[in-house]
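Read top to bottom, the protein sequences are chains A and B. Read in order, the letters of the first sequence are residues 332 to 783 in our numbering. Read in order, the letters of the second sequence are residues 332 to 783 in our numbering.
FYI, nobody ran anything at the bench for these hints, they're computed from the structure. Wrong hints could be hidden among the right ones.
You can't tell identical chains apart in this list, so a pair holds if it fits in one copy or across any two.
Result set (EDC-like, lysine to aspartate or glutamate): computed pairs, CA atoms no more than 20 angstroms apart in a straight line [said to hold, decoys possible]: (1) LYS589 - ASP470; (2) LYS427 - GLU719; (3) LYS572 - GLU720; (4) LYS740 - GLU718; (5) LYS437 - ASP663; (6) LYS709 - GLU687; (7) LYS383 - GLU780; (8) LYS413 - ASP538; (9) LYS413 - ASP663; (10) LYS709 - GLU587; (11) LYS437 - GLU417; (12) LYS589 - ASP426; (13) LYS709 - ASP538; (14) LYS572 - ASP380.
Please read all numbers here as calculations on a predicted model, not as lab measurements.
Protein chains: 2
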Amino acid sequence: MSDALDFIVIGAGFSGVEAAYTLDRAGARFAVLEARDRIGGRAYTTPLDGTKTYVDLGGQWVGPTQDALLEMLDELGIETFKTYTEGRSVLSLGDKVRTYAGTIPKLNPLSLIELGLVMNRLERMARAVNLERPWETPDADRLDSTTLASFLDRNLRTRSARSVLDAGLETVFAASAGEISLLHALFYFKSGTSLENLITTGGGAQDARIDGGMQSVVEARARSIRDRIRLEHVVVGIEQKSASVRVHIRERESLEAKRVIVAIPPALASRIHYSPALSPLRDQLTQRVPMGTVIKCFAVYEEPFWRGRGLSGQGVFDEGVVQACFDNSPRDASCGMLVGFSLANRARPLLGMSQEERRELVLESFARAFGPEARAPKRYLDKSWAEEEFSRGCYTGLMSPGAWIGYGKALARPEGRIHFAGTETASRWNGYFEGAILAGRRAAREVLESER
Amino acid sequence: MSDALDFIVIGAGFSGVEAAYTLDRAGARFAVLEARDRIGGRAYTTPLDGTKTYVDLGGQWVGPTQDALLEMLDELGIETFKTYTEGRSVLSLGDKVRTYAGTIPKLNPLSLIELGLVMNRLERMARAVNLERPWETPDADRLDSTTLASFLDRNLRTRSARSVLDAGLETVFAASAGEISLLHALFYFKSGTSLENLITTGGGAQDARIDGGMQSVVEARARSIRDRIRLEHVVVGIEQKSASVRVHIRERESLEAKRVIVAIPPALASRIHYSPALSPLRDQLTQRVPMGTVIKCFAVYEEPFWRGRGLSGQGVFDEGVVQACFDNSPRDASCGMLVGFSLANRARPLLGMSQEERRELVLESFARAFGPEARAPKRYLDKSWAEEEFSRGCYTGLMSPGAWIGYGKALARPEGRIHFAGTETASRWNGYFEGAILAGRRAAREVLESER
């Protein structure tokens, strides 16, 4: 059969698209099955109605050392622009609001020293992680049997340092420090170069944004393979035979290929019916990589009024529904925009609310940082990723305590003719689009080599 | 339509059967859909070929304060018999094997004192847990943000006390202390009356076994409703409409009813496709309740040779593939049988092995405790529950760190016309058949009251 498929890729996020792109360059015949009516996955850009402005409802930043993404942008001729960081940032702590310069909020000297020490300690511990095999990291058993919160409990005495670091870490993980294995946290820091890099805006992981939005990147990358991507194809089953794999799709004809790349998070991959069943290690792994919890909130103003007051638009909050916010105005500052992240423990009470109810709470935080003007945006919108059927949380899947040492081997290891991509399987920039791209390439190489 | 259904129960384990039984007594019209070709779920009894002897491959014990199960046994006229506990138990620690009387193994005085203190502390902390709302327990945030292992790290200095307690706790949870939230551990202890009760054989949770095996209980309970239970009905979707629910079944006609009771563990319930999607809190919860890991291993001998040597057949091992073993001989001791539990970290390397390979490793542990005779059973068999498609682990689903405080509310709360049973939703005897029965009754009451 001349139209027989070599490969099927499940999921057209960054990882699936990059896998497919790689397969295409190798001359393979493939199809990409995407559950949504759009490609991009956790890269999701929407226009702000009636304007040229767009909003990245999903991931939006790119930064140094994300080399695959940066090269891709270069190759595709897509421009980036720096996240606005001029002026001072705001720290809302207890009943006080103060401003500071740089990455680390202004605390009393003792707290500041302690914060510096504990961050140094985390950085040092992270350097020892084995990125390819985290379970072989020295002392992995102990590090994976405790939470990041327990580490902080032991190493931070001052309340304000803890509050600030908690807000920062929640912004990094979209999860509470009490949900995450310490080993996973250290892995994640090193995977994204360093903790400092992950929490830094200018020059760090939040360095720059994409002209046209993040989804435009994956769309541009998919241009040459667009006819092979089938939208609204929800995969419900994967049946392995001796020399092929049959993929079952909700309310559609099934498809067959030699191998399959599953480019969706483990928590969603577990919901596909595998026949025969996957290995017990793989199945139990997928029970242990929950998605984070985040509501990304946007307030649009006539102009970025905070800039004129010497403020960067960046803020950290120890209370309220938002942990952190950033200036998210368009490149030309044709309007002002703040983006706030409501995460983990602070996001969960908002999950049942209407957008109107959430609006009030989010604007309360913004007003606390930037004054009463922030209460009256011309537009408010938000995106609750736990409510997205085909993500079920963001930013990423997080290894629960014990998951790395007990089940880590099964994360990226093929199961017969089924291979796994997705940023959750990446060793570099795990959880980011960079990791998704690298994982997609790795999985594509795997299937190509297997069928050579 | 006279044959219209009021309710559909998904899952014919103890919880689903008890829910159905309760519905039947109230005169409701219902169907029970069971994925397997048998009822019983994690109660699974198999005959030992060519003999009257049976083996409980799943849960097998009943003990004091499991009142619903005890009453059910009484009502059904099913007899129990005491687990054999006469004589001394064996502790294999490092290169030494020693024997002891009672529940707590013989350690050096210092270790023994420390073990006693830490167990007392756990019992005291457990008493403060709010069983109905664990997230409202005093200090719940802190208790749920750390692991049971971190607590032990802080409170146990002597290596032997830690080894023994780890083996005991792994036998209780089928998970490592590093995987479980401390709050969940405390909840679990109180839920099963006390930690001491959970680890005790005679007079505790392992007090007695069932004549005919545990599955015979659920079968007897199901006798009057057997015609309403449909085997090999794998539910793949649940569609909620304004006044009814449609349940989609793999390769069969769908069924409709007023309400549905999902009586399977959260990790499996997440694999059903819900339309409309369940609440984000419920969905994210199901990503955070992984099943434990256990291989239950049986060696059958001509006779219980250890008894003659004054040994109870009970053993605890700090190394090797088995954490604990028990005398599992039939009531009449017509043969001898040892049952060993390979759990969590020690079970995972065995998951990929053949039964023959596992046999050697398990018998090595048995021989260590009971001498070379243990190496030559007339029969060996084991059951790896992570490999069961419709359990995906045992004994039960365990709340990951942060799951109770973040998502606990969604564990047993109905989602529209969908209600939840299963031992994972029980406040008393969570994780045990007793909890399954209580949860089944509670869910049945819920749907009956909703439709009254």
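### Query
Which numbered conditions among the earlier hints are violated in the structure presented, ordered from lowest to highest?
1, 2, 5, 7, 10, 12, 13, 14
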